[in-house]
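Q: Please construct the entire structure, taking both the sequences and the accompanying hints into account.
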Amino acid sequence: MLDETDRKIIQATQAGLPLTPQPYQTIAEQLGLSTDDVMMRLSAMQNSGVIRRIGAVPNHYKLGYRFNGMTVWNVPDEAIDELGQKVGQLEFVSHCYHRPRHPPEWMYNLFAMVHGKSQEDVDKQIQQISDLLGDYNLSCDVLYSTKILKKTGFRTSK
Amino acid sequence: MDEIDKQIINTLQDGFPICDAPYRQVAAQLGLTEQELIARLKTLLDNGTLTRFGPLYNAEQMGGALTLAAVKAPQERYDEITEIINAFPEVAHNYARSHELNMWFVIATETPEQIQQTIDAIERQSGLTVYNMPKNKEYFVNLKLEA
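In order, the protein sequence lines correspond to chains A and B.
So in the working numbering, spot 43 of the first sequence is number 26, and the numbers just go up one at a time.
Here the working numbering = 1-based position in the second sequence + 2.
Note that these hints are calculated values from the structure, not bench results.
Hints are supplied without guarantee of correctness; some may be wrong.
To be verified - Here are some chain A residues the structure puts well away from chain B; computed CB gaps all over 10 angstroms:
(1) D20
(2) Q29
(3) N57
(4) E61
(5) A62
(6) D64
(7) G67
(8) E74
(9) Y80
(10) R82
(11) W89
(12) M90
(13) D124
(14) L126
(15) K130
To be verified - Listed next, the in silico EDC-like pairs over lysine to aspartate or glutamate satisfying Cα-Cα at most 20 angstroms (straight line):
(16) B:K74 <-> A:E88
(17) A:K130 <-> B:D81
(18) B:K74 <-> B:E102
(19) B:K146 <-> A:E103
(20) A:K133 <-> B:D81
(21) A:K69 <-> B:E140
(22) B:K137 <-> B:E112
Each residue gets a CB set at the ideal place from its N, CA and C atoms; glycine is no exception.
A: Here is the structure:
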C-alpha cells in the first residue's frame, strides 16, 4: 500500500521528472527526503505496477500518427485472456482491454486502440489482428475518432 | 525534429533508469552529452512533441476509479449533449466517434462509487442511456511509436 511519503512523491512527479542532472536528488530535496529513499520508493512503485513505466510519451499527431482507430472485437469469453495478451503484444496497439458487452446492441468485448500514419497502415494493422484472432473473431468494428470534444488530465487522488 | 531527436524519443519510450545520474547514463548510450540530452528533451516537451516525460502512474492503483462510457447522441442534440457531458469535471476525455454510439468518454473519479453517481447524473441531465464499459481486464501492451 502507498503511504504518505509515496503520495508526496507521486504529487511531485505527476507533471514530470525534473530536467536536472540528478532528478531524483532534486525531488528528494524538494520533499526533504533522502535520494536513496526516493529511488527505492520509485522502484517499489514500478515493481508493484503503481508506476507503469518511467519514460517519454510522444504526441501521436506530432509524430505523424494521425489515424487512430478503436478496434472492437466479439470473441468467446473463454478465450479472451489468451487472445487479449497476444493482441496487446502487437507494437501498434496502445491499449487493450476486456470490457463488458451490452447485448443485443453491443456485442464487442475486446478493445484495442491502433495507431498509424495512413489509413492503409491502420487497415493492415486491423488485418493483422483479424488474422491473429482467426475463427475466434465472431464480429468486429472500428470506430475512428472524428473529433476531440474534451481532453484534460486525470485528477489526482489525494 | 532531427535524427537525434528521433533516437531520443524512441529510446525514452522504452524506459528511464532509476539511478543517481540517469540522463548521463542515457546520453552515453546515445553518444550525447548529458547537457545536450537535457536541452533536447526540454525542447521536445516545450514544442509538444512529447506530452510527458516521467513516471506514468496507474490511476486505479492509486485508489482512483476509471471507466469508459458511451452514449447515442441524436444528431440534432449533439452539441447540447457534448456540453452536458463536458461540464462534468469527472469527464477527463470525450471523443466523437463514427458509430451509432457516437460519443465516448472516460470518467475518472477518486472513488469507485463516484463513477456510478456520475453516470446517473449524466443520464438524468441528458435523458440518454449511458453504456458503461469499465475494464474487466487490461492486457499488457508493448506500444512503441517510431519517431
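Q: Hints the structure violates: just list their numbers, smallest first.
A: 2, 6, 7, 8, 9, 10, 11, 13, 14, 15
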